[in-house]
Amino acid sequence: MSRPNDGTLDRRDVVAALMRDPGDLLVVTGLGAATYDVGATGDRPLNFYLWGAMGGTAMIGLGIALAQPSRRVLVVTGDGEMLMGMGSLASIAAAGAPNLAIAVLDNMRYGETGSQYSHTGHTTDLQAVAAACGWTRTATARSMDEVEALRPRLRSENLFAVLRISAEEKPRHLPPRDGAYLSDRFRRALGVVVD
Amino acid sequence: MDNPTWQESVYAALKAARITILGYVPDAGHAHLINAAHADPDMQTVVLTTEEEGIALSAGAWLGGQRAVMLMQSSGVGNCINMLSLPLNCRMPFLTLVTMRGEWGEFNPWQVPMGAATQPVLTAAGVHVRRADQPDEVAEMVAASAALAFDSQIPVAVLLSQRLIGAKVFVK
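Protein sequences, first through last, are from chains U and E.
Numbering-wise (my numbering), the first sequence opens with residue 1 and increments by one.
Numbering-wise (my numbering), the second sequence opens with residue 1 and increments by one.
Just chain U, with the same shape it has in the complex (with noise of 0.2 angstroms):
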């Protein structure tokens, strides 16, 4: 089922342009199809998925900017796990983390569990949230040409982006889930781990 408002844009075809030249970019994914999008790109060590911990994903983005000041961290994750944690976009704003960006991957879906509508299919603008939350810079990108002017910011400033995917659901790519093994080869490849 669509709708007349439904965004466009291939999810993966938007991921991949994200993260295209990672470099030393440190990354964390939202449970879902956020996560599989960005491991569909190539596992790395500076990738954390989420595998759950729903709502929690742009404040773990948020700890990493603060104990990593000179790094950049990206915040990829889906409208239904933004939605459930709104509230950090006013914590972060209030922090203030320079070095902090974060993607929104909205389907105005919940995809995992039915592709149910969430808050954004209704009346719920999240651009607009993070900025009454004090964030100053915010997009939303609706065609490729846009995601590809959004890439550089995303790794430049302090912005909250909106990304407009079609609803289509895609095959599931399953990166690592081992939460240990990911916090520990994250925490190695920053080089904050002491043996």
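The reader is advised that the hints may include incorrect statements.
What the hints assert, rightly or not - Short derived list, chain E residues pointing at chain U, Cβ under 7 angstroms: (1) T50; (2) E53; (3) A56; (4) A59; (5) A61; (6) G65; (7) N89; (8) C90; (9) P135.
Rather than coming from a laboratory, the hints here were simulated on the basis of the structure.
We treat Cβ as the ideally placed atom computed from N, Cα and C, and that holds for glycine.
Given the structure of chain U, go ahead and fit chain E onto it with the hints provided.
Showing chain E alone in chain U's frame:
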């Protein structure tokens, strides 16, 4: 110089544990620690809209190589439960100081159910719980709990009893 208060000793214990990020949902019982953290240029403070944010914040700090603590009151423990799967699954430390309500001279009945449930709920969720009732045991308990959390990479909660912090009194 006067002897430090137990609250001052707790802040010193957090500093000695090399904690550099402090997340909090305010409580009157934490007022000293919150003020001390804001006055400390080497402590990053994050005010949270809900307590589960502090668990995710602490996880991120650990991933980035720093140590965090979260301050909350017992009513906030119930907001945390699913998020506690994060440190457990990822074998990460988590340290929280919880001021207790609803147990000692409480005037507000709405605080009583979560106050009574705080310790069993945390235990059921896999958190190691310590409880301080006496002023002279708090700082040592916080220091030992920080060592347990960060060295053994487990979640640890220190409950600060309502008798210790003083029951909140409302007067007309």
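Against the structure, the hints come out as follows:
Interface restraint check for T50 (chain E): the shortest CB-CB distance to chain U comes to about 5 angstroms, inside 7 angstroms, so the restraint holds. About 5 angstroms separates the beta-carbon of E53 (chain E) from the nearest beta-carbon of chain U, less than 7 angstroms, and the hint is met. Satisfaction of the interface hint for A56 (chain E) is found here, the shortest Cβ-Cβ separation to chain U being roughly 3 angstroms, below the 7 angstroms cut-off. Interface restraint check: A59 (chain E) against chain U, minimum CB-CB distance 5 angstroms, threshold 7 angstroms, status holds.
Hint status for A61 (chain E): holds, given a least beta-carbon distance of 4 angstroms to chain U, under 7 angstroms. Taking 7 angstroms as the C-beta cut-off, the interface hint given for G65 (chain E) holds, the closest approach to chain U being about 3 angstroms. Annotation: interface hint on N89 (chain E) holds; nearest CB of chain U at approximately 4 angstroms, less than 7 angstroms. Residue-level restraint check for C90 (chain E) holds (minimum Cβ-Cβ distance to chain U is 4 angstroms; threshold 7 angstroms).
A least Cβ separation of about 32 angstroms between P135 (chain E) and chain U goes past the 7 angstroms threshold, and the interface hint is therefore violated.
In this structure, only the earlier hint numbered 9 is contradicted, and the remaining ones agree with it.
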